[in-house]
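**Student:** Based on the hints, put chain B in the right spot on chain A.
Residue numbers (the UniProt record's numbering), protein chains in the order written: chain A, 1 to 408; chain B, 1 to 408.
Be aware that one or more of the hints could be misleading.
Note that identical chains are pooled: a pair holds if it fits in a single copy or bridges any two copies.
Said to hold, decoys possible - Heads up, simulated DSS-like pairs for lysine-lysine below, C-alpha to C-alpha not over 27 Å straight-line: (1) Lys55 - Lys88; (2) Lys337 - Lys187; (3) Lys63 - Lys390; (4) Lys45 - Lys309; (5) Lys337 - Lys55; (6) Lys191 - Lys220; (7) Lys331 - Lys370; (8) Lys337 - Lys309; (9) Lys331 - Lys30; (10) Lys365 - Lys191; (11) Lys129 - Lys63; (12) Lys187 - Lys220; (13) Lys129 - Lys55; (14) Lys88 - Lys63; (15) Lys165 - Lys331; (16) Lys309 - Lys285; (17) Lys45 - Lys18; (18) Lys301 - Lys370; (19) Lys30 - Lys55; (20) Lys63 - Lys18; (21) Lys30 - Lys63.
FYI, nobody ran anything at the bench for these hints, they're computed from the structure.
2 protein chains.
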Amino acid sequence: MGLIVQKFGGTSVGSVEKIQNAANRAIAEKQKGHQVVVVVSAMGKSTDELVSLAKAISDQPSKREMDMLLATGEQVTISLLSMALQEKGYDAVSYTGWQAGIRTEAIHGNARITDIDTSVLADQLEKGKIVIVAGFQGMTEDCEITTLGRGGSDTTAVALAAALKADKCDIYTDVPGVFTTDPRYVKSARKLEGISYDEMLELANLGAGVLHPRAVEFAKNYQVPLEVRSSTETEAGTLIEEESSMEQNLIVRGIAFEDQITRVTIYGLTSGLTTLSTIFTTLAKRNINVDIIIQTQAEDKTGISFSVKTEDADQTVAVLEEYKDALEFEKIETESKLAKVSIVGSGMVSNPGVAAEMFAVLAQKNILIKMVSTSEIKVSTVVSENDMVKAVESLHDAFELSKHPSAV
Amino acid sequence: MGLIVQKFGGTSVGSVEKIQNAANRAIAEKQKGHQVVVVVSAMGKSTDELVSLAKAISDQPSKREMDMLLATGEQVTISLLSMALQEKGYDAVSYTGWQAGIRTEAIHGNARITDIDTSVLADQLEKGKIVIVAGFQGMTEDCEITTLGRGGSDTTAVALAAALKADKCDIYTDVPGVFTTDPRYVKSARKLEGISYDEMLELANLGAGVLHPRAVEFAKNYQVPLEVRSSTETEAGTLIEEESSMEQNLIVRGIAFEDQITRVTIYGLTSGLTTLSTIFTTLAKRNINVDIIIQTQAEDKTGISFSVKTEDADQTVAVLEEYKDALEFEKIETESKLAKVSIVGSGMVSNPGVAAEMFAVLAQKNILIKMVSTSEIKVSTVVSENDMVKAVESLHDAFELSKHPSAV
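Looking at chain A on its own, in the form it has when it is part of the complex (with noise of 0.2 Å):
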């Protein structure tokens, strides 16, 4: 017997049809013997209404009364989900974030679990109980209700799968699992049976979509093994887990890519030891994210290019010209209609010549490399927009991601 957590999005909760499919989901691993969790995001569109109404009141919703809105979209569904195991005959019980004793820090939005106090929860599995749990909040030391920020649901579920000692948390979601890389681009695109908590974060910062960074973090801090699956289907989905060993010969496990990303040259800086400090703070303090920098020095006066997502693109520049004086550079130039294309795989660490490999694959299709950035496990490249889904394909093809590793 084992104890299972698992979590179910927006989506996968969207109408009472989908609650009842999540109810069975639960019911399937009770009957196995487990102990389960079951941690809900509010029901589809819901928090996207709850937000419409604040927005019809005011423009900037004080954030604090931002949480105790959008906390009610997760309330609803626990209390629907636990009457349709009720209603299947299974004794179920739902928890608010506070009651369940997810602790959080004093910052309204954005608040990150500082503590878990599972007596209840456990008192409650012990007794045989299947427990709902709402995802993405929590209750400050002073009782004020908080919420957890973008992919707050699955970093609960992970949270309470460490806290409670879990087995496994499984992540049910609207696709079967975790691909090589994008299926809506890449027909080969092959689902992956496994991938390690590294590989995942950098897939996931990529945009793959399907599971938030600071849960994996969180999975990968507390070795809590995820398992990334289909609600609607019963297949195996994607294991994340220390190390995947059931893939270990393949050195790029997936390939990322974003599109609408715009490089920012500033040309013919003072090279002064705080110049890129500067830059980088203002920009930060604006919440304009930086991704790839590079850096030039020629004689007593550099060159920075950086990338930016394309609907910042406006604003860092006005942001940067205000600080013209202060910064002492020449000009500025833009260039949009770009983006970024990563491989990800944590055999690049003992195989250093992967890079060399994805340029070569780029060069013979004529793609331009506009920037390189590189980490451990993974080799971004900005391009072309109209070159990107053709990078990916070759790279998909080249790296040979189709296949299944079992007939490598």
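**Tutor:** What follows is chain B alone, placed relative to chain A:
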């Protein structure tokens, strides 16, 4: 400077505009220098929508989970009202029932408030904030969310007013106050300036529908002055307090009425000590509310007549037939299409002729009285449904209720 508790029901916060209107009401009291607590219900039909969701999942959803579900309704309203106040430049903070320190018994769906820990609210009021509290809900000692049943938000408002020793509790609603009778039926119905708790209790119980009897009882016990007033008009409403000094000379304060009444008569009951209790305990167990009861005694046989809501009539007869052997009666007869018409006024205590006058008025209009029931401050009669409006109109006229008391 005083402390005012305001309560806005579902129709008074049913849209963004109405929430902004409620915010303006709170601001008006704040600007007069008062401390302000606002208790709100769920927006408009949102509770009904939540109930339908639950019913789609289960015919008999668990009461605990229903409380979990329904409590979200008020939580949405408190956050939106708080945002509206903040948007208008006022410092506001919202609290759920459990955050506001409202403790209840451990009965789901219909809990009674056992205690209120006002420390958080008092602290925020001291800081000058407008405090918003979710009506209709509380928390048990075991941190379970409960709801207070029908009229729950009224009760929350009155209980908070009592606990905070408020100077006044204003109940904002979609009518301008308490009327001598229902103005939809009787054109000359007049809004009362004042009414006593006891009179209001009789009117509330008799279906006047403006204020829930539990809230009135609570207000009476703790001597909280209530005012029922319009959420859209600025004119004064109806003040409810221990003795209504303004209109002391009025013997009859108002006329309540209700259609869809059925009279059930049981003939030839064996007179036994436990006969009555057996009948009415049995009906109570099936949740059938019996109103007026009349007993006739003839030799060793007893006859019983009582009134029920017509919707309960079939079940009433079925239940009685079920117990026919135990009760040993001869037959049951029912008469439907009846109505109850009642006059209410604390002046009756010292005016024994009022009931007689009522019967005379009805007789003069050829209205046959089928049942009579009296209390210290009320006389109820059951008449044919067809005679209901005529009865109300002629009584309203005879007791001169349309005349302003200062003009008497």
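**Student:** May I ask which of the numbered hints given earlier this structure violates, with the numbers listed in increasing order?
**Tutor:** Violated: hints 3, 5, 9, 12 and 15.
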